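**Q** The primary structure of each chain is shown beneath.
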Amino acid sequence: MKSISYEKAPELLIRNGILLDPASGEERRADVLISDGRIARIAENIEQKNIPVFDARGRYISPGWFDMHVHFREPGREDKETIATGCAAAVSGGFTGVCPMPNTAPVADNRGIIEMQIAKAEGTPVDLHPIAAATVGQRGEELSEMADLVDAGAVAFSDDGVAIATAAITRRAMEYASMYDVPIIEHCEDISLARGGAMNEGAASTRLGLPGIPGIAEDLIVARDILLAEYTGARVHIAHISTAGAVELVRRAKKRGVKVTCEVTPHHFCLTDDHIESYDANYKMNPPLRTQNDVEAMIAGLKDGTIDVIATDHAPHAPEEKEVEFTAAPFGITGLETAIGLIISKLVLPGHLSLVQALEKITRAPRHILNLPQAIVQEGEPANLTLFDAAQKWQVRAEEFYSKSRNSPFIGEELTGRAVAVYNRGLFWQRPAVEA
Amino acid sequence: MNKHLLGLEETSEEEIRQILATAFSFKEVLSRPIPKVPTLRGKTIVNLFFEPSTRTRISFELAEKRLSADTITFSSSGSSVSKGETLRDTARNIEAMKIDMVVLRHNSAGAAHFLARCVDSIIINAGDGQHEHPTQALLDMMTLQERAGDLRGLKVAIIGDILHSRVARSNIHGLKKLGARVAICGPKTLIPREAEQWDIPVFHRLDDAIQWADVLNILRIQLERQKTALFPSLREYASQFGVTRQRLLRAKKDVIIMHPGPINRGIELENDLADSEFSIILDQVTNGVAVRMAVLYLKSGGRLDAEQGG
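Top line first, the protein sequences correspond to chains A and B. Throughout the first sequence, residue numbering follows this note's numbering, covering 1 to 436 in sequence. Throughout the second sequence, residue numbering follows this note's numbering, covering 1 to 310 in sequence.
Looking at chain B on its own, in the form it has when it is part of the complex:
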């Protein structure tokens, strides 16, 4: 097992399965009247969030508290460099206060890899630039396992801005390792030119992706991409790539809809679809806490079969 969780590209199938299995047992903990275990008592975890994030930060904080770790969160938007102190210095200073683990969210791809080189603590990547967001993909996979069972052969279409999406990259690596089939769908301007290296189908027409897929994982479209001419307007994006009930007429009857949030309702996803019987979006959120508990637990030296206390 790797010391850190930097990305799913370098995480083995075995380790992914182990994390997911552990997450399911933590999910059971979360359903108890007192949803808390003493597993990480005495461990100190620092959440370094250099990018605005609400749900990922809260999810990690909750996971840490459910495991009884001591935690502290440092949030700052913009890069650390603009504050005059480098990421390396910030982390080394915090490490000098005797900590065990750092959860890092940063706008620069590779920031977690960089930090893993300059400090001794265990690093958990909570999203690095456009590179990876491994815990998001893990919670996506957990939620899919919950709904669909074994992922082997399951067809997952990731829809939207693939070019800038760390969620897409982590999902592609993770899902392929578990035997799922992955496709990507989006306007040509938001699909990397070199996407063929992933050896997966690429759709530029939403209807084709919908027809192909068992699962639609719909990404958030960022308005600022329109400012750099990556697509003409939100209106046009919604008309071409927005998932609606009308379009779902072509879909499999039991199609599953996922979204990493936050949702632009009425843009990439029709308002009521987010809350429909197809949607497992809120399950994703719940499972996010369980998956993060599993990652923190396993990385701090826990084993799947160990006594989880409580």
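The shape of chain A in the complex, shown without the other chains:
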């Protein structure tokens, strides 16, 4: 794990960047002058003496990226990740905003934990917007104190890790949360079908002899929640969608006006269950890797807008937990530091999405779903920027992770596209030269 430091940089001149606006799709060469943490000027060839300069020649300047699905393990499992190391991983991945999920120990179902999490992200360039538990202890029995949690800073509710246990509680959670216009984020998995499973149920699990989690376990809860959202008029966001069936359910629901949105992780649009061949637990996550048909459905859903958001489901785990027999290992992989490389390598370069379409899914879309102010690259706005090199080829190396954990199946992979610097909350970080 690498340690990170952020520069206090109220004044900064970024020269020769390529400004990229996901809202308009425009690209132009410009310098950006930051003063007092805000964008003071955008123009060609700004001359300003006696302030720090960052030369962004050939690099893009994007509104800061946002990952609405991470696990930072604090409180409870600080050996895997803390808010500080999670934020460092976010920054290194180019993300200036994240939403940690509430399945901590104890569960983030009360004001104290939400306030603590927000406070711990102070002093980093990362806007941390916690998602609180929908039910007390994520037990699916009683609603958490949603008004109080929203007041403390929670931006959505979820029992992520599991689906909200019953249709009745999900209905009440949706109704109640809708008073505050915050979405319910659902981890869609019918546990009665999924229990005991270790990977996708299919040809690969049959061959490997591993117990399967059928895709229909996801589809059923997606269908349940779409119908409940339609019934209650509330908003539901489907976390880490992974099956062709679920994408089709969301597509049809959107057509008839249901307030449903969804996200996909990079691994679900890159990898299939065939990768489990060697029983490497770094390919074990929930939802599990599905089939080529599902991967193609993810890409189609991203293209036609059915899938609104790309989120990583960054799930750090300790090596001693992952380096075990496949069925004994916990679910989850890290994702923050490989996300943009996978997005560019697997979506943009093959021509599935334009760079602007891809950035939309990690900038505007998540903030919109969560009712958060947009990061806008405009004079007068707070400077919230991600600078990246869309052409840089690099190799994923565990030693370069800022995350405390290294449970990534992408270690060793050659990717194209990497963040080189971020600016947010008056703080500047640039990737040390040795890593570039």
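Simulated from the structure, these hints should not be mistaken for lab results. Everything numeric in this text was worked out from a predicted model, so none of it was measured. Hints are supplied without guarantee of correctness; some may be wrong.
Covered stretches of chain A, as calculated for chain B (at least 3 residues, CB under 8 Å) [said to hold, decoys possible]: (1) 228-237; (2) 324-336.
Below, in silico cross-link-like pairs of lysine to any residue (SDA-like), each with a Cα-Cα straight-line distance of 20 Å or less [what the hints assert, rightly or not]: (3) B:K227 - A:I191; (4) A:K322 - B:N107; (5) A:K322 - B:K227; (6) B:K227 - A:S192; (7) B:K155 - B:R247; (8) B:K227 - A:G196; (9) B:K227 - A:L193; (10) A:K322 - B:C118; (11) B:K188 - A:S278; (12) B:K188 - A:I216; (13) B:K227 - A:G197; (14) B:K3 - A:R38; (15) B:K188 - A:S192; (16) B:K188 - A:P211; (17) B:K188 - A:L193; (18) B:K188 - A:A203; (19) A:K322 - B:E15; (20) B:K176 - A:A203; (21) B:K227 - A:P211; (22) B:K3 - A:S278; (23) A:K322 - B:E9; (24) B:K3 - B:E15; (25) A:K322 - B:R247; (26) B:K188 - A:G197; (27) A:K322 - B:E85.
Positions of the beta carbon are idealized from the N, C-alpha and C atoms, including for glycine.
Position chain B relative to chain A; hints supplied.
**A** Just chain B now, with coordinates in the frame of chain A:
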């Protein structure tokens, strides 16, 4: 030849034939007055059994002793993780005591593959979860060769809980490689949804399988499957999938009956059929020792044509 024996899926036809041929010559050793050879003298083999097992463990231990290896057996039910030490640590600790080979039985599919990645010793898979049980399939094939000769074209129906069966998986891979035809038969709930990838007939009526087959390899039904609603009751299972003399009226005259044991007599197999002229069940057990000797011998560097001593 692969260094380890992890499963028959990754074992070539040639290697399977070599193991079986070697097993037949070891079977001859077993019939001698002193059924023991010095072949693996000085080699140390550790049997790691993380799942309750009597016959497989005893069969391996006997095979090791017949080959004069130094052996030690560690048995523990439940996963190693629940004991606070990981499988990797257990194995690496034992390996640090200078051993040559590990025979592993574990309830997690892929445990043998995992271990092969974290230690240098030769790994023999003695059953991993619902994945493979290669030495069981090898002894099944040896016993069939003994009774039926060449396996090419022989029709073997595997009957029972295919979904959870490592014996079925290893047999499907091994038998197909030797040119036999394989079918599976069981209730829909105990056949994997994706069984068609094996490209073999699937029967849900026992009579159809019996009519088709030259050989019935009957699997043990586990009572706990009934608790998870995979079939309604043992009574109903016996009535639908239990092999009885009455049902064998539809079978070929010289049908062969096999069972990997232990048998639930009166459930999947009528009591007296297990001991009948059709049955080669006890031959399977005898051959198990010979097959395991062959595997241990070949994996530790022996060759088929080498002097076997004694």
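**Q** Taking the hints in turn, state whether each one holds.
**A** Now for the hints, and whether the structure bears them out:
Check result for the segment 228-237 of chain A against chain B: violated, 0 residues qualifying (beta carbon to beta carbon below 8 Å, three or more required). Counting residues of the segment 324-336 of chain A whose C-beta lies closer than 8 Å to any C-beta of chain B gives 5; at least three are required, and the coverage claim holds. A hinted pair counts as satisfied when its Cα atoms are at most 20 Å apart, and K227 (chain B) with I191 (chain A) qualifies at roughly 17 Å. A hinted pair counts as satisfied when its Cα atoms are at most 20 Å apart, and K322 (chain A) with N107 (chain B) qualifies at roughly 17 Å.
With a C-alpha separation of about 31 Å, the suggested pairing of K322 (chain A) with K227 (chain B) is violated against the 20 Å cut-off. Distance check on the hinted pair: K227 (chain B) and S192 (chain A) sit about 14 Å apart at the alpha-carbon level, within 20 Å; holds. With a C-alpha separation of about 18 Å, the suggested pairing of K155 (chain B) with R247 (chain B) holds against the 20 Å cut-off. For the suggested pair K227 (chain B) and G196 (chain A), the alpha carbons sit about 14 Å apart, so the restraint of at most 20 Å is met.
Distance check on the hinted pair: K227 (chain B) and L193 (chain A) sit about 15 Å apart at the alpha-carbon level, within 20 Å; holds. Between K322 (chain A) and C118 (chain B) the CA atoms are separated by roughly 13 Å; this keeps the pair inside 20 Å, and the hint holds. Note on K188 (chain B) and S278 (chain A): the hinted pairing is violated, with a Cα-Cα distance of about 29 Å set against a maximum of 20 Å. Between K188 (chain B) and I216 (chain A) the alpha-carbon distance is near 18 Å, which keeps this suggested pair within the 20 Å criterion.
The hinted pair formed by K227 (chain B) and G197 (chain A) meets the criterion: a straight-line CA distance of about 17 Å does not exceed 20 Å. At most 20 Å may separate the alpha-carbon atoms for a hinted pair to count; K3 (chain B) and R38 (chain A) exceed this at roughly 63 Å. A threshold of 20 Å between alpha carbons decides the hint, and for K188 (chain B) with S192 (chain A) the separation of about 19 Å falls inside it, so the pair holds. Among the hinted pairs, K188 (chain B) with P211 (chain A) is consistent with the structure: their alpha-carbon atoms are about 16 Å apart, no more than 20 Å.
Straight-line distance between C-alpha atoms of K188 (chain B) and L193 (chain A) comes to about 16 Å, which keeps the hinted pair within the 20 Å bound. Restraint check: the Cα-Cα separation between K188 (chain B) and A203 (chain A) comes to about 16 Å, which is no more than 20 Å; the hinted pair holds. Distance hint between K322 (chain A) and E15 (chain B) is unfulfilled; the C-alpha atoms sit about 33 Å from each other, more than 20 Å. Among the hinted pairs, K176 (chain B) with A203 (chain A) is consistent with the structure: their alpha-carbon atoms are about 18 Å apart, no more than 20 Å.
Distance hint between K227 (chain B) and P211 (chain A) is fulfilled; the C-alpha atoms sit about 17 Å from each other, no more than 20 Å. Restraint check: the Cα-Cα separation between K3 (chain B) and S278 (chain A) comes to about 16 Å, which is no more than 20 Å; the hinted pair holds. Between K322 (chain A) and E9 (chain B) the alpha-carbon distance is near 25 Å, which puts this suggested pair outside the 20 Å criterion. Restraint check for K3 (chain B) and E15 (chain B): satisfied, since their Cα atoms lie roughly 11 Å apart, inside the 20 Å limit.
About 49 Å separates the Cα atoms of K322 (chain A) and R247 (chain B), which puts this hinted pair outside 20 Å; it is violated. Between the alpha carbons of K188 (chain B) and G197 (chain A) the distance comes to roughly 19 Å, so the proposed pair stays at or under 20 Å and holds. This hinted pair checks out: K322 (chain A) and E85 (chain B) have alpha carbons roughly 14 Å apart, not beyond 20 Å.
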